[in-house]
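Chemist: If you read the protein sequences in the order shown, they are chains A and B. Residues in the first sequence are numbered from 0 upward in steps of one, following numbering that gives the first Met the number 0. Residues in the second sequence are numbered from 0 upward in steps of one, following numbering that gives the first Met the number 0.
It is worth saying that the hints were derived from the structure and are not from the lab. A quick note: this is a predicted structure, and the numbers were derived from the prediction, not measured. Heads up, the beta-carbon is just placed ideally off N, CA and C, and yes, glycines get one too. Hints may be right or wrong, so weigh each one.
To be verified - Stretch by stretch, here's where chain A covers chain B in the computed footprint (C-beta under 8 Å, at least three residues): (1) 129-139; (2) 149-158.
What the hints assert, rightly or not - The following residues of chain B were derived to be distant from chain A, with all beta-carbon distances above 10 Å: (3) E64; (4) G120; (5) N125.
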Amino acid sequence: MGFLDSEFTDGNIVITKAEDLLNWARLSSLWQVSFGLACCAIEMMATSASHYDFDRFGVIPRPSPRQADIIIISGTVTLKMATRIKRLYEQMPDPKYIISMGSCSNCGGPYWEHGYHVLKGVDRVIPVDVYVPGCPPRPEALLEGLLKLQEKIRNESMIKKTA
Amino acid sequence: MKQAEEILQILKANFPDSNLELKTDQPTEPILVASPLEIDKLSMFLRDSSELLFDSLMNLSGVDEIKANLLSVYYHLESTKLKHKITLKVSTDRNKPEVSTVTEVWKGADWHEREAYDLFGIIFLNHPDLRRILMPYDWDAGYPLRKDYENPEFYQGMKVPY
C-alpha cells in the first residue's frame, strides 16, 4: 500500500516509517538539472511541456546542479562533454540520481564504432540508475523511466542506498 | 555571369607566373587547381576584380588524398552579384601541409579553416587564431579525419573504443 493511501483508510492519521516518509518526499519532487545534449533533449523538453507534463510527477528543471536531485543525460556524450558532465554531477548534492536517455548515452548508439569523438555510454564516467532505450525515446518512454526511478527510490533504505 | 573557362583566362592574364589548371575530367563542376601559397592573393583578386566579384565563400573543406600523399583544400565560391560560381582546389604535401589563409579575404573562412586544421591537420599560414574547434583543446591523438588515423585507447582516463 502506498504511503498516501493509508491516510484515507485510517481517519486522517498516518503512521509510517521515517524511511518511507523520506523516500516518498524524495521521489515526489525530483528536480532535474536544466541540461540537454542532443535530439533526445528535444523529446525531454516535449516531456516537460504541457501535453506530457513532467511537473505532475514533481519534476521541474532547475538551472543549477546545486539545487537538483536528478540529471537526465539526454543525448550524445562527446568526450569533450563527458568531462563537463562529470563536473556537473559532482556539483549536485546527495542524494542524486541519473537517468540515461537514448541509445547514445546508453552505449554510444550509432557512433559506437566510427565515432572517434563519442563516449560509448555515459556510465563510463558517472553511475546510471535507469537506462531509457530509444533513438530518441518517446516522451512516454522517458515517463516510464522516471516511474522506474521512483520505484527504486521508494524501496531505498537509510542503511543501504540502492538507487 | 562567367564560365569557368573565362574565369581561368582572366586569372591567367593577371597572374602570369602562377601555375593554374582547370580540371574538367570529373563529373562535377570544373575545378580550378591553384598553388597553396598563392591562394590568398588569388582569392583577393577573385573577390575584388570587377568582372568576377566572388563575394561569398560558400564552403571550405579539407580532403585527405592519402594515395597521392596529399592533403587538399577545396574552396567553393559564389558571386551573389554576378551569379556565377567556381571551385578552387589546392594540394599540399601530407608531411608538411601548409596553405595560406583566406581569412583576410572572407571572414567566414576563419572557423572553416580551424575545422580543417582540427580534423586534417592542415596548417593555415597567417591564420589569426589557429586552434582546434571541435575536438578538445588538449586532444593529442592526431587528426581524426585523416585516412591513417587511429583512435586512442584512452582520453583523460576514459576508455574510447566500444
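Chemist: Taking the hints in turn, state whether each one holds.
Modeler: For each hint, the structure was consulted:
| no. | hint | in the structure |
| --- | --- | --- |
| 1 | 129-139 | holds (count 3) |
| 2 | 149-158 | holds (count 5) |
| 3 | E64 | 20 Å, holds |
| 4 | G120 | 14 Å, holds |
| 5 | N125 | 27 Å, holds |
Violated hints are absent here; each numbered hint is respected by the structure.
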